[in-house]
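Chemist: These protein sequence lines map, in sequence, to chains A and B. So in our numbering, spot 158 of the first sequence is number 182, and the numbers just go up one at a time. So in our numbering, spot 41 of the second sequence is number 65, and the numbers just go up one at a time.
Think of the hints as simulated: they come from the structure by calculation, not from any bench. Among the hints, erroneous ones may be present.
Any copy, or any two copies together, can satisfy a pair, since identical chains are not distinguished.
As the list claims (entries may be wrong) - BS3-like cross-link-like pairs, simulated, lysine-lysine; straight-line CA separation at most 27 Å:
id: 1; residue 1: K100; residue 2: K198
id: 2; residue 1: K285; residue 2: K321
id: 3; residue 1: K100; residue 2: K276
id: 4; residue 1: K276; residue 2: K198
Fair warning: this is a prediction, and the values are worked out from it, not measured in the lab.
2 protein chains.
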Amino acid sequence: MKGFRIEFERFINDLQDEICVTLEATDGQARFQEDLWQREGGGGGRTRIITNGAVFEKGGVNTSAVYGLLPESVMKYLKTDFSHFFACGLSLVLHPLNPYVPTVHANYRYFELYDDAGEVVDYWFGGGSDLTPYYFFEDDKTHFLSVQKAVCDRMGPNLYSRYRSVCDDYFYNKHRSEARGIGGLFYDYLRADKEHSGSFWFEFVTSLGHKFIDSYLPVVERRKNIAYGERQRYWQEIRRGRYVEFNLLYDKGTLFGLQTKGRTESILMSLPPRVRWDYDFIPEPGSAEEELLLALKR
Amino acid sequence: MKGFRIEFERFINDLQDEICVTLEATDGQARFQEDLWQREGGGGGRTRIITNGAVFEKGGVNTSAVYGLLPESVMKYLKTDFSHFFACGLSLVLHPLNPYVPTVHANYRYFELYDDAGEVVDYWFGGGSDLTPYYFFEDDKTHFLSVQKAVCDRMGPNLYSRYRSVCDDYFYNKHRSEARGIGGLFYDYLRADKEHSGSFWFEFVTSLGHKFIDSYLPVVERRKNIAYGERQRYWQEIRRGRYVEFNLLYDKGTLFGLQTKGRTESILMSLPPRVRWDYDFIPEPGSAEEELLLALKR
Numbered sequence: 025m026k027g028f029r030i031e032f033e034r035f036i037n038d039l040q041d042e043i044c045v046t047l048e049a050t051d052g053q054a055r056f057q058e059d060l061w062q063r064e065g066g067g068g069g070r071t072r073i074i075t076n077g078a079v080f081e082k083g084g085v086n087t088s089a090v091y092g093l094l095p096e097s098v099m100k101y102l103k104t105d106f107s108h109f110f111a112c113g114l115s116l117v118l119h120p121l122n123p124y125v126p127t128v129h130a131n132y133r134y135f136e137l138y139d140d141a142g143e144v145v146d147y148w149f150g151g152g153s154d155l156t157p158y159y160f161f162e163d164d165k166t167h168f169l170s171v172q173k174a175v176c177d178r179m180g181p182n183l184y185s186r187y188r189s190v191c192d193d194y195f196y197n198k199h200r201s202e203a204r205g206i207g208g209l210f211y212d213y214l215r216a217d218k219e220h221s222g223s224f225w226f227e228f229v230t231s232l233g234h235k236f237i238d239s240y241l242p243v244v245e246r247r248k249n250i251a252y253g254e255r256q257r258y259w260q261e262i263r264r265g266r267y268v269e270f271n272l273l274y275d276k277g278t279l280f281g282l283q284t285k286g287r288t289e290s291i292l293m294s295l296p297p298r299v300r301w302d303y304d305f306i307p308e309p310g311s312a313e314e315e316l317l318l319a320l321k322r
Numbered sequence: 025m026k027g028f029r030i031e032f033e034r035f036i037n038d039l040q041d042e043i044c045v046t047l048e049a050t051d052g053q054a055r056f057q058e059d060l061w062q063r064e065g066g067g068g069g070r071t072r073i074i075t076n077g078a079v080f081e082k083g084g085v086n087t088s089a090v091y092g093l094l095p096e097s098v099m100k101y102l103k104t105d106f107s108h109f110f111a112c113g114l115s116l117v118l119h120p121l122n123p124y125v126p127t128v129h130a131n132y133r134y135f136e137l138y139d140d141a142g143e144v145v146d147y148w149f150g151g152g153s154d155l156t157p158y159y160f161f162e163d164d165k166t167h168f169l170s171v172q173k174a175v176c177d178r179m180g181p182n183l184y185s186r187y188r189s190v191c192d193d194y195f196y197n198k199h200r201s202e203a204r205g206i207g208g209l210f211y212d213y214l215r216a217d218k219e220h221s222g223s224f225w226f227e228f229v230t231s232l233g234h235k236f237i238d239s240y241l242p243v244v245e246r247r248k249n250i251a252y253g254e255r256q257r258y259w260q261e262i263r264r265g266r267y268v269e270f271n272l273l274y275d276k277g278t279l280f281g282l283q284t285k286g287r288t289e290s291i292l293m294s295l296p297p298r299v300r301w302d303y304d305f306i307p308e309p310g311s312a313e314e315e316l317l318l319a320l321k322r
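With the hints as extra help, turn the sequences into a complete structure.
Modeler: Below, the structure is given as structure tokens:
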């Protein structure tokens, strides 16, 4: 079996460059700082962090490509007897300064398993992208989703609705009966099957990756100059607490990364810069803050 | 079998009153706000929160007493076939304003299982108390531990060292190879056995509970007026992030509470008021901030 290791690794590295250059131009003030790191068992990564920007208070656009032997726990989780693996991906999280600009998360990844002779025995793609606003604007949701819907619809029917609902189910804070954000796409284990080739899924995931900037940046541009004050920042910090709760309680990538001794600082770059936990904070009835909560409730 | 349900419930409620009155006097500014809540399956609790005090920026001293049927998952976890239970406890977390005053956590709890006839078939005690400073003072550690050691030593040899090391093992952020705090005691499943009666463990846990104020308050008194600035607050917020990481990634009480549909706001009162996550924050070599890290490394 021939996988997409080389092509996908090239894709994530090119996409990282493209996204970082664009975000720096949008920010106009801060630059990405790069940290290269190596993994003991094989491979490594390129962590790029932006801090204290005019637009982005904190963000990371990271790539990694690691290989070697899977821990027993992961083999069990993946229900496989093969232990030689390769995994690579791009992960990004952006926490804007202005509370009217939503936080965004995206991830594009690829996984390969090998037999003892080093032959590829299985491979699959995964990823997604979702929006977490502090104030709800229907227009932003529509734009963010429509760009991704266009990519899906070009490639086949049902793809959009299928991965849209997986996203809603996944990014959910069960203990608060509240979605983390207002949606996006989420997909995993995209494999060659009777219906679709490996090339189809490669095209699907990379096309979505190349459209990330188009889906998010216009939202940033139209909100980044809205005036805000302490009230909006306070609310932003409260909501960021919910983001932390999801990432540390439920997010598989985060928990998997920490359990498998990934690079802690690269994994936890997803956590917001400043966060607040008030006891039982309830927004005023009829306020813009309450409007967001209503959009996040099922 | 006769358990300690009535006696232990009285103990936690009395202790809650005693601790809250003392902390209010120490704070001199803020008062505890009380929320009574009821649990759908049986029982409820008394949540008491202090906020924006002169000494305590945020804190909770909560009691709960719940009963009913255990979820399957908990029965599995406890390796029991009995599903009727009673559980009660006091949980407190105090996050002081002044970064020179350590955060403290304590918990005293009691659990009973019943057969179908309503007879007690098993019961046990648990709890502990541990200190999480932002700056390391050997004196504070010594005082906090020595009060608890005196209680243990009065009741038997080895008790102190046994539960002291359980605490070190438990409050540990594996992903950072760093202890959450500088220690305390931690014990669970304290049952009547050949060596000790149920009354012995009742006496052990309640004595430790009654000594909580003596172990912590002198530390507060001697640090609460030390002058601090932005640098110390910044560090405090960074360190509080590690506290959040432990509680959401590892703390059994928190995860168990959220999974069993406990009252979210009462459980998450443990999270600090304001928190900061910087990418790869490393304190200056030789600084007081680095000194704390060295005290937390194994």
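Chemist: Which hint numbers doesn't this structure obey?
Modeler: none
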